[in-house]
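K.L.:
Chains as they are written, first to last, in our numbering: chain A, 1 to 116; chain B, 1001 to 1168; chain C, 2001 to 2289; chain D, 3001 to 3652.
In short, the hints are calculated from the structure, not lab data.
All the given hints hold, so there is nothing to weed out.
Below, in silico cross-link-like pairs of lysine-lysine (DSSO-like), each with a Cα-Cα straight-line distance of 27 Å or less:
| hint | chain 1 | residue 1 | chain 2 | residue 2 |
| --- | --- | --- | --- | --- |
| 1 | B | Lys1144 | C | Lys2105 |
| 2 | D | Lys3640 | A | Lys78 |
| 3 | A | Lys64 | A | Lys78 |
| 4 | D | Lys3296 | D | Lys3173 |
Not close to chain B: a few residues of chain D, all C-beta gaps over 10 Å, as computed:
| hint | residue |
| --- | --- |
| 5 | Ala3003 |
| 6 | Leu3415 |
| 7 | Glu3441 |
Cβ coordinates follow ideal geometry from the N, Cα and C atoms, glycine included.
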Amino acid sequence: MSRIEYPANIRVIRVMCSSRIDPVHVLYALKSGADGVLVSGCHPGDCHYINGNHRAKRRIILLKEMLKQLGLEPERVKIDWVSASEGERFTRIVKEFVEELKKLGPNPLREGIWEV
Amino acid sequence: MLKLNETDRLLEKLRESVATLTPSVCYSCARCSSGCVMVEAGCVPHSIIQLFRLGLLNEIERGLWSCCQCLKCDARCPQEARPAMLILALRNLLVAHGSAPPKGYMVMLENVVRYATIQQPQEVMNKDFDFVSRNTLGLPELGKPANMEAFRLNLKKIASNLLEVEEK
Amino acid sequence: MKYTVFWGCMIATVEYGYEISVREVFPRLGVELSELGWNACCGYPLMQVNSKVWLYLASRILAEAQRFGRPLFVPCNGCHISLCEAQHLLMERDEMINWVNELLKDEELRFDSGNPVRILHTIEVLHDEIGLEKLKKFVVKPLGFKVACHYGCHILRPTDYPRVDDAESPTKMEAILEAIGAKTSDYPERLECCGAGANVVEPELVARLCGWKLKAVKARGFNAMATSCPACQMNYDAKQDAIMQIMKSSEVSLPVFYLTQLVGLAMGVEPRRLGLDLNKSPVEDLVDL
Amino acid sequence: MKARIGVYVCHCGTNIAGVIDAEEVAKYAATLPDVVVARDIMYTCSDPGQNTIREDIEKHGLNRVVIAACSPKMHENTFRKTLESAGLNPYLLEIANIREQASWPHFREREKATEKAKALVRAAVAKAKLLEPLEKRELMVEKSVLVIGGGVAGIQAALDLAEAGLKVYLVEKSPSIGGHMAQLNKTFPTIDCSACILTPRMVDVANHPNITLLAYSEVVKVEGYVGNFEVTILKKARYVDEELCAGCGACADACPRKVPNEFDVGLSKRKAIYVPFPQAVPLKYTIDPASCLYMKYGRCKLCVEACPRGAINFDQKDEEVKVKVGAIIVAAGFKTFDARRIPSLGYGKYRNVITGLELERLSNASGPTGGAVLTASGEKPKSIAFIQCVGSRDLKYNSWCCRIGCMATLKQAFLIKEDDPDTEVYVCHIDMRTAGKGYEEFYRKLREMGVRFIHGVPSELFEDSDGKLMFKVFDQATCHMIELKVDMVVLQTGLEPAEDVERLQKMLNVSLSPEGFFLEAHPKLQPVEASTRGIFFAGCCHSPKDIAETVAHASAAATKAITLLSKGKVAVDPLTATINPEVCSGCEICIGICPYRAIQLTEYGGRRRAKIVDVLCQGCGSCVAACPSNAIEMKGFTEKQILAQIDALTEG
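Let's have the full structure, built from the sequences with the hints guiding it.
P.N.:
Here it is as structure tokens:
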């Protein structure tokens, strides 16, 4: 990827396809104190694994609904599409997401205010 | 021999204010200048971009005010470098830093402060060689802004440097 | 169709032919025009020396227009780009709105970003609002002669917000002229600028530029030229004598009309009621004054 | 067995160490639980780097290796081999990508980058602890290859493959192979006749026993995976029996219908029954149903009467052909930029503004004018101006360089000057790009021949009433506006992705670069491979190329396919899903989810249970996340491993 800067406070976990991501992983990350979780996959219609990204999208949308019910900001979870050649797009998405999370403030789960 | 005045503070200001424009992407294909109607008057858009990048501001001033802002260069530039916008920004900044704009602009500005329009309604000659005015043509009077005082104050606030110079 | 009209400086102080013909023609086509109540500079020429002056002047017109709740009809190309660009800038950047509204307070005006103004140019009113089919119904004297369209730069460019027609292949003006029975066609010099923006510093070069285009239009077999911008009209029409002197040539002599004057003629309006006696170019070659 | 982990932090020269304190990261790694040895190494992928790892495995009895370096896409395989050679299962490796994910994007924040690198290493160690040895799978492969596209790239690839003994299916959508090269007159810089060097190869294709040529056909469906693709090809009806047609042309002589000839870019006419050009391969006539009078109006059939062999058959139907292949080479070519999109240059409006490809046909002896370059009024132009980069290097259209426009113009200028040295030739250019063997020399020659180069491009063209073209161009060499009036203007239009690229991309499940060309797996080291195994790219569908580069690229693609298929089997990653039948409830949710239809129902202990078909599973993990019983596990990306990574990354 090209050397384009993005905020240094994101940590990456590699999976082969966004559809490998279980909503449980996202909840687990939030519970463990991550301020937000970005799920990034191939563009719709351009999935390396045919249609895994659609599955991932459906799961994340449902998860966001659940977060609402739990009283946690659904904006803490985001799914977006970035192909291997779109360094600039990735950077933009990460920057925007980090900005959004900064506005939301720290994850209440981290402060131990809450228990799931 | 041209000298690079990299340390010029004005240049820094200029760079800052045109940061949103992208003159750095120009690679001098000269499509802008080839289509420019004011090249004859010393306005060569791609040269202006290059002079700006090299910091040769004194060279830029020549020809800068000839641009007629038809925006053709902006529309045709293959790299979207927007030469006309750069020229506009440079004009603004030179004026802001004390360089006098061509007289015609000052006349318009003073008239706007005085009458709200760039000039007062003129008498014009018709085909019968009679002078006619809005009134004789039956055109209604177009008023001035309701609060001319506030209008003038605002303009003086915004364009203080230009208008003060004039008052002296 | 009810619009608020903003005339701007050039039309209201010297290019009366445009105002007269609009006032004569538009009501006949079912357009109701209400006045803004005052006239003031749209800021466009002053953008060159101080963009803030421009933004202030343009915003106050937009703010005033918002009060009327009608689309704003702007017959001048310069005013059109000025107001469109100012609104584009205001809608994009909140800090601009705050700056402008701070100034407008003293004038008891306020720009409301939730209520953008629909800004319409003459060509848009005739082509998009009234429509060609309706326009054709008013034609009683199809023009018959061949007219070259001169759009003027500022209703076509820039390309980063919507303009009146396509920047490289506009068609609306030709369509209007054909609807009123004129002949027209594309010609290579069609999109060339009249140079009005440089009148302040390079009047002679601008004159030669206009002369070159008039000559080309004539050589290509057109009987007249139509404009829809007071600055362009002034260059091609009012300055034609000066151009002839500078170019030392009579080949540049050509009738130049406002688009609305031609529409009026086709509708059977008496030429003087369209301000045609104010045109400096030899319009009498085609029209009985 | 207790995990004994070795951690290697790579400097990657200054790529990583220029930003990240590799030594500190290594020191930190040494403090992590189960880490036995941690080192920083200048180039871990180099021989000495790999040797260090091997020695450590032996000396310290390492049973897991963590490498903090570049993207796993770069060197995961390299290091797996390192482990294997040291007797360790290659899947006991975990890579922390501290280059693309830390040193590159955070090069201005050294401390934060180092912190991030530590976190990524911590996560990799946490995952490594839970890694399990996996066994590679081997698949049998079909020793045959599908080549999509019959231009010079497809022809070259097909011949190379066929010579190597592989069975080749060459699919071309138009009635003849040959592609753009068949349309060209001469080739630069040697001025070889394009057809003379291409047509013998076309004939070779037709005659080669290992090549099945499917012209006038399109690939409509691709299923399967590396080594075992199942391809459906639609063979369009020619309405002419290929077996019977002898290519005599009596039918075309009789056909009354004339339509613009695509091969001559519309500069000449062809009949409704036609061959695109006389040297077409296969030399079989085709009826174009859109223009055939009989097919449109039900009357005519003059061709049927004329054909001495009764080859014409209006009842012919499109036909589906299914083939099995082990690899696919995509050689789908390009299209030229439509100059109408830039109205200011007057193409389509002014008669004497033509494109480079049109000039190619005009100057070709087999072209519409028999090789004479003529203006619209049929006269020989006394002056010609070339305008470069039309639709290229332009953000509004195609941002990239077309790579061949400069040389194509030089070649065309050469032919014009050679024909008549008195013809004035102007070239308006941005930069002249003539990198290539013998290219710069050719450029020099053209300057010697008196071609006038103008450093600048015009903004617009005007047509004078005499049909001549006038334009102004600002020449940077003289700093003057130059006004020109010429008889003909040639727009050297750019190259862009072919029309059906997106259809192919979806069908083949491969990626496109932002420009819309096919994206290779690695720009330097895998220039012909798709990221989907078993698929290769050749020629201009991958990026603009001249003929020499296209041929080299096509041969490279063929070689890669030959290498892949030569052993008769391929090893594939063991990173597949597995289902624990004890836990599975047989709900079948996973079956509907799997995009590869790799899950089947089987009997287990008298009950219906889902089971993964190993060879079909591609390891996406879709089913794992969907399984409500947590019965599915993903090798290499297990639930425990992922949660351990999350724990490690959210720590601190």
